[in-house]
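With the hints as your guide, set chain R onto chain X.
There are 2 protein chains.
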Amino acid sequence: MKKDSVLVKFGNKVRQLRNEKGWSQEELSFKSGFHRTYIGMVERAERNISLKNIERIAKTFNIEIQDLFTNKN
Amino acid sequence: MKKDSVLVKFGNKVRQLRNEKGWSQEELSFKSGFHRTYIGMVERAERNISLKNIERIAKTFNIEIQDLFTNKN
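The listed protein sequences derive, respectively, from chains X and R. Sequential numbering from 1 applies to the first sequence in the UniProt record's numbering. Sequential numbering from 1 applies to the second sequence in the UniProt record's numbering.
In isolation and in its complexed conformation, chain X is listed as follows (with noise of 0.2 Å):
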């Protein structure tokens, strides 16, 4: 099945965010308050994340949810 390139764009943002954190997807699901196995899924794009998600990521990031989806950080 080929994954939604919107939903792989995002994964990858995410992951590369903790990586410049140096977070583990474990600590990521814990400032988050998300499971770890649903952190996995979101950067493997296996789930197409809803709004009040994609606002507690960005959270957690401390970023604006707009930076989620931009290339500059």
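Derived by calculation from the structure, the hints in this document are not laboratory data. It is possible that part of the hints are untrue.
Only pairs whose alpha carbons sit at most 30 Å apart, straight line, appear in this in silico DSBU-like list of lysine-lysine [as the list claims (entries may be wrong)]:
| # | chain 1 | residue 1 | chain 2 | residue 2 |
| --- | --- | --- | --- | --- |
| 1 | X | K21 | X | K3 |
| 2 | X | K3 | R | K31 |
| 3 | X | K9 | R | K3 |
| 4 | X | K31 | X | K3 |
| 5 | X | K31 | R | K52 |
| 6 | X | K3 | R | K9 |
| 7 | R | K31 | X | K52 |
| 8 | X | K52 | R | K3 |
| 9 | R | K9 | X | K21 |
| 10 | X | K21 | R | K52 |
| 11 | X | K59 | R | K9 |
| 12 | X | K13 | R | K3 |
| 13 | X | K9 | R | K59 |
| 14 | R | K59 | X | K59 |
| 15 | R | K52 | X | K3 |
| 16 | X | K52 | R | K59 |
| 17 | X | K21 | X | K31 |
| 18 | X | K59 | R | K13 |
| 19 | X | K9 | R | K52 |
| 20 | R | K31 | X | K21 |
| 21 | X | K9 | R | K21 |
| 22 | X | K21 | R | K21 |
| 23 | X | K13 | R | K9 |
| 24 | R | K3 | X | K59 |
| 25 | R | K3 | X | K31 |
| 26 | R | K31 | R | K3 |
| 27 | X | K52 | R | K13 |
| 28 | X | K3 | R | K13 |
| 29 | R | K21 | R | K59 |
| 30 | X | K13 | R | K52 |
Computed spacing ranges between beta-carbons, pair by pair [to be verified]:
| # | chain 1 | residue 1 | chain 2 | residue 2 | range |
| --- | --- | --- | --- | --- | --- |
| 31 | R | K59 | X | H35 | 28 to 36 Å |
| 32 | X | H35 | R | K31 | 31 to 39 Å |
| 33 | X | Q16 | R | E64 | 17 to 25 Å |
| 34 | R | K52 | X | H35 | 19 to 27 Å |
| 35 | X | G33 | R | N19 | 35 to 43 Å |
| 36 | R | S24 | X | E26 | 44 to 52 Å |
| 37 | R | T37 | X | F30 | 37 to 45 Å |
| 38 | X | Q16 | R | N48 | 22 to 30 Å |
| 39 | X | E27 | R | N19 | 40 to 48 Å |
| 40 | R | R36 | X | S24 | 39 to 47 Å |
Where is the CB? At the ideal position from N, CA and C, for every residue including glycine.
The following block gives chain R in isolation, referenced to the frame of chain X:
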């Protein structure tokens, strides 16, 4: 039930962009392929919209996803 502010902000942004185009909810639903009631619910923050649907709305307005979360246009 207090509506979630991220959903309220998103709904208001969709309504603002739709009005700027001079489209009715019906026209936006026709152009996006969403049912008109879904458009209404998103605008009233009654739907925790998914990323794939967010992308579809951005494409319908011919803007980038991040533009749905900024106040510039």
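Taking the hints in turn, this is what the structure says about them:
{"no.": "1", "hint": "K21/X - K3/X", "result": "holds (26 Å)"}
{"no.": "2", "hint": "K3/X - K31/R", "result": "holds (24 Å)"}
{"no.": "3", "hint": "K9/X - K3/R", "result": "holds (29 Å)"}
{"no.": "4", "hint": "K31/X - K3/X", "result": "holds (27 Å)"}
{"no.": "5", "hint": "K31/X - K52/R", "result": "holds (25 Å)"}
{"no.": "6", "hint": "K3/X - K9/R", "result": "holds (29 Å)"}
{"no.": "7", "hint": "K31/R - K52/X", "result": "holds (25 Å)"}
{"no.": "8", "hint": "K52/X - K3/R", "result": "holds (11 Å)"}
{"no.": "9", "hint": "K9/R - K21/X", "result": "holds (28 Å)"}
{"no.": "10", "hint": "K21/X - K52/R", "result": "holds (27 Å)"}
{"no.": "11", "hint": "K59/X - K9/R", "result": "holds (16 Å)"}
{"no.": "12", "hint": "K13/X - K3/R", "result": "holds (28 Å)"}
{"no.": "13", "hint": "K9/X - K59/R", "result": "holds (16 Å)"}
{"no.": "14", "hint": "K59/R - K59/X", "result": "holds (25 Å)"}
{"no.": "15", "hint": "K52/R - K3/X", "result": "holds (11 Å)"}
{"no.": "16", "hint": "K52/X - K59/R", "result": "holds (21 Å)"}
{"no.": "17", "hint": "K21/X - K31/X", "result": "holds (12 Å)"}
{"no.": "18", "hint": "K59/X - K13/R", "result": "holds (20 Å)"}
{"no.": "19", "hint": "K9/X - K52/R", "result": "holds (12 Å)"}
{"no.": "20", "hint": "K31/R - K21/X", "result": "violated (40 Å)"}
{"no.": "21", "hint": "K9/X - K21/R", "result": "holds (28 Å)"}
{"no.": "22", "hint": "K21/X - K21/R", "result": "violated (41 Å)"}
{"no.": "23", "hint": "K13/X - K9/R", "result": "holds (23 Å)"}
{"no.": "24", "hint": "K3/R - K59/X", "result": "holds (18 Å)"}
{"no.": "25", "hint": "K3/R - K31/X", "result": "holds (24 Å)"}
{"no.": "26", "hint": "K31/R - K3/R", "result": "holds (27 Å)"}
{"no.": "27", "hint": "K52/X - K13/R", "result": "holds (16 Å)"}
{"no.": "28", "hint": "K3/X - K13/R", "result": "holds (28 Å)"}
{"no.": "29", "hint": "K21/R - K59/R", "result": "holds (14 Å)"}
{"no.": "30", "hint": "K13/X - K52/R", "result": "holds (16 Å)"}
{"no.": "31", "hint": "K59/R - H35/X: 28 to 36 Å", "result": "holds (31 Å)"}
{"no.": "32", "hint": "H35/X - K31/R: 31 to 39 Å", "result": "holds (37 Å)"}
{"no.": "33", "hint": "Q16/X - E64/R: 17 to 25 Å", "result": "holds (18 Å)"}
{"no.": "34", "hint": "K52/R - H35/X: 19 to 27 Å", "result": "holds (21 Å)"}
{"no.": "35", "hint": "G33/X - N19/R: 35 to 43 Å", "result": "holds (36 Å)"}
{"no.": "36", "hint": "S24/R - E26/X: 44 to 52 Å", "result": "holds (48 Å)"}
{"no.": "37", "hint": "T37/R - F30/X: 37 to 45 Å", "result": "holds (39 Å)"}
{"no.": "38", "hint": "Q16/X - N48/R: 22 to 30 Å", "result": "holds (25 Å)"}
{"no.": "39", "hint": "E27/X - N19/R: 40 to 48 Å", "result": "holds (43 Å)"}
{"no.": "40", "hint": "R36/R - S24/X: 39 to 47 Å", "result": "holds (45 Å)"}
When each numbered hint is compared with the structure, violations occur for hints 20, 22.
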